[in-house]
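K.L.:
Sequence:
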Amino acid sequence: MGSCGGYAPYEVKSDGRRYPTDVVYFKTAESELERTVRHSTQKPVELGRYLIRTYTNPGDLVLDNCFGSGSFLLAAHLEGRDYLGIELNQDAEKFKKDKVDYVGIAEQRLIAHGASPGVVRAAA
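Count the sequence shown with my numbering and you get residues 1 to 124, in order.
In short, the hints are calculated from the structure, not lab data.
Any given hint could turn out to be false.
Taking CB as the label site, the calculated pair distances span [as the list claims (entries may be wrong)]: (1) G104 to N65: 16 to 22 Å; (2) Y50 to L84: 15 to 21 Å; (3) Q108 to G80: 17 to 23 Å; (4) G59 to T36: 29 to 35 Å; (5) L61 to K99: 26 to 32 Å.
This structure is a prediction, so every number in the text was calculated from the model and none was measured.
Virtual Cβ for every residue (Gly too), placed ideally from N, Cα, C.
Make the full structure from the sequences, and use the hints.
P.N.:
If you want it as structure tokens, here you go:
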């Protein structure tokens, strides 16, 4: 009915360890060890660590193509993954008030945890 070829439904079972089967809850970025929100949509590092552990293997490359304050880059480092970050808005406005160098913030967070930032700054 309405499909081309031999279609038959099938059931996929998961115990939830490899792929999440429900909503996951994490504390907000304000509750992290650094206790500082640097970006208006900053994600908790622990959320990044959970997703990276779930969907990648040690040594894999994690790409964050809009890294903001670098939470998921830091999570990749802490989980033993290689990482590459891209951020278009190097000097974005934080909460529409002050200019903030998010690339610099991400570099500082990575260095504070013993990582090599490996950030390439785009030419203006």
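K.L.:
Looking back at the hints listed earlier, which ones does the structure fail to meet?
P.N.:
none
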